[in-house]
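Numbered per the numbering used here, the sequence shown spans residues 1 to 169.
Treat the hints with care, as some may be off.
When the alpha-carbon atoms are kept at most 20 Å apart in a straight line, the in silico SDA-like pairs for lysine to any residue are as follows [stated by the list, open to error]: (1) Lys133 / Glu93; (2) Lys160 / Thr144; (3) Lys160 / Glu93; (4) Lys160 / Arg126; (5) Lys133 / Trp102; (6) Lys160 / Leu112; (7) Lys133 / Glu97; (8) Lys160 / Ser103; (9) Lys160 / Ala106; (10) Lys160 / Gln148; (11) Lys133 / Gly107; (12) Lys160 / Glu114; (13) Lys160 / Leu139; (14) Lys133 / Gln81; (15) Lys160 / Glu149; (16) Lys133 / Ser96; (17) Lys160 / Ala111; (18) Lys133 / Ser165; (19) Lys160 / Pro120; (20) Lys160 / Thr85; (21) Lys160 / Glu127; (22) Lys133 / Arg155.
I should point out that these hints are in silico values taken from the structure, not numbers from a laboratory.
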Amino acid sequence: MSRLFPGLACGLMLLCGCGLRRHAAEAAAVQLNARYDSLESRVERLQPSLAQRWRLRLTQLDRELAHGDPAQALAHAAALQDSLTRLEGDLDEMESELEEQWSALAGTTPALLERLARDPDPHVRREAERLEKAWRAALASRETGRAQEAVERARAVHTKAIPLSAGTH
1 MSRLFPGLAC GLMLLCGCGL RRHAAEAAAV QLNARYDSLE SRVERLQPSL
51 AQRWRLRLTQ LDRELAHGDP AQALAHAAAL QDSLTRLEGD LDEMESELEE
101 QWSALAGTTP ALLERLARDP DPHVRREAER LEKAWRAALA SRETGRAQEA
151 VERARAVHTK AIPLSAGTH
């Protein structure tokens, strides 16, 4: 019996150690999910594809927690925390960059579309109507907070309108 006790005590200590690592990994995952949830709407607005990738990363972490080594899951959570910290800084930069791009496009595109709508060529006027609809879609994206989508749509309208305004259609 006296020889059995040290082995049993050692086994219990190992089990507790594994339990502590699992608990630490689970706590890190919960913290990471909460932190990402607080940023998700910004990420979705600025880079929808990035939001999907982050959801996938968090799902992979959950699977690793459920079926993998707790120490590895904890390391994975720590790496994701670092990535999330970088993402927070990048979001501020993305927001200001998209705002600059939108301001430039919004400052020139409406006047360009007006000029096209008054063009004597019926082909140009038809294209201007189509581009006006696309511009309204860009404005709607902007109003609903989808900045990346708004800038992409506005850029497409502007890019298509320039050759028409120059008469090189």
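Status of the hints after comparison with the structure:
1. Between Lys133 and Glu93, the direct Cα distance comes to roughly 30 Å. Violation of the 20 Å bound is thereby established for this hinted pair.
2. Simply put, Lys160 and Thr144 have alpha-carbon atoms about 24 Å apart, too far for the 20 Å limit, and the pair is violated.
3. Proposed proximity of Lys160 and Glu93 is contradicted: the alpha carbons are some 28 Å apart, above 20 Å.
4. Taking the CA atoms of Lys160 and Arg126, the gap is near 13 Å; set against the 20 Å cutoff, the hint holds.
5. Straight-line distance between C-alpha atoms of Lys133 and Trp102 comes to about 17 Å, which keeps the hinted pair within the 20 Å bound.
6. Proximity of Lys160 to Leu112 is assessed by CA-CA distance (about 11 Å); at most 20 Å being required, the pair is judged to hold.
7. For the hint linking Lys133 to Glu97, the alpha-carbon distance of about 25 Å lies beyond 20 Å, and the restraint is violated.
8. Straight-line distance between C-alpha atoms of Lys160 and Ser103 comes to about 18 Å, which keeps the hinted pair within the 20 Å bound.
9. Among the hinted pairs, Lys160 with Ala106 is consistent with the structure: their alpha-carbon atoms are about 15 Å apart, no more than 20 Å.
10. Between Lys160 and Gln148, the direct Cα distance comes to roughly 19 Å. Compliance with the 20 Å bound is thereby established for this hinted pair.
11. For a cut-off of 20 Å, the pair hint linking Lys133 to Gly107 stands: about 17 Å separates their Cα positions.
12. This hinted pair checks out: Lys160 and Glu114 have alpha carbons roughly 14 Å apart, not beyond 20 Å.
13. Straight-line distance between C-alpha atoms of Lys160 and Leu139 comes to about 17 Å, which keeps the hinted pair within the 20 Å bound.
14. A threshold of 20 Å between alpha carbons decides the hint, and for Lys133 with Gln81 the separation of about 42 Å lies outside it, so the pair is violated.
15. A distance of roughly 17 Å separates the Cα atoms of Lys160 and Glu149; the hinted pair therefore holds under the 20 Å criterion.
16. Our distance criterion of 20 Å between C-alpha atoms is broken by Lys133 and Ser96, whose separation comes to about 26 Å.
17. Only pairs whose Cα atoms come within 20 Å are accepted, and Lys160 paired with Ala111 is accepted, the gap being roughly 14 Å.
18. Under the criterion of a C-alpha separation no larger than 20 Å, the hint pairing Lys133 with Ser165 is consistent with the structure, at around 17 Å.
19. Of the supplied pair hints, the one linking Lys160 and Pro120 holds, its CA atoms being roughly 18 Å apart against a limit of 20 Å.
20. Our distance criterion of 20 Å between C-alpha atoms is broken by Lys160 and Thr85, whose separation comes to about 38 Å.
21. About 9 Å separates the Cα atoms of Lys160 and Glu127, which keeps this hinted pair within 20 Å; it holds.
22. For a cut-off of 20 Å, the pair hint linking Lys133 to Arg155 stands: about 14 Å separates their Cα positions.
The earlier numbered hints that this structure contradicts are 1, 2, 3, 7, 14, 16 and 20.
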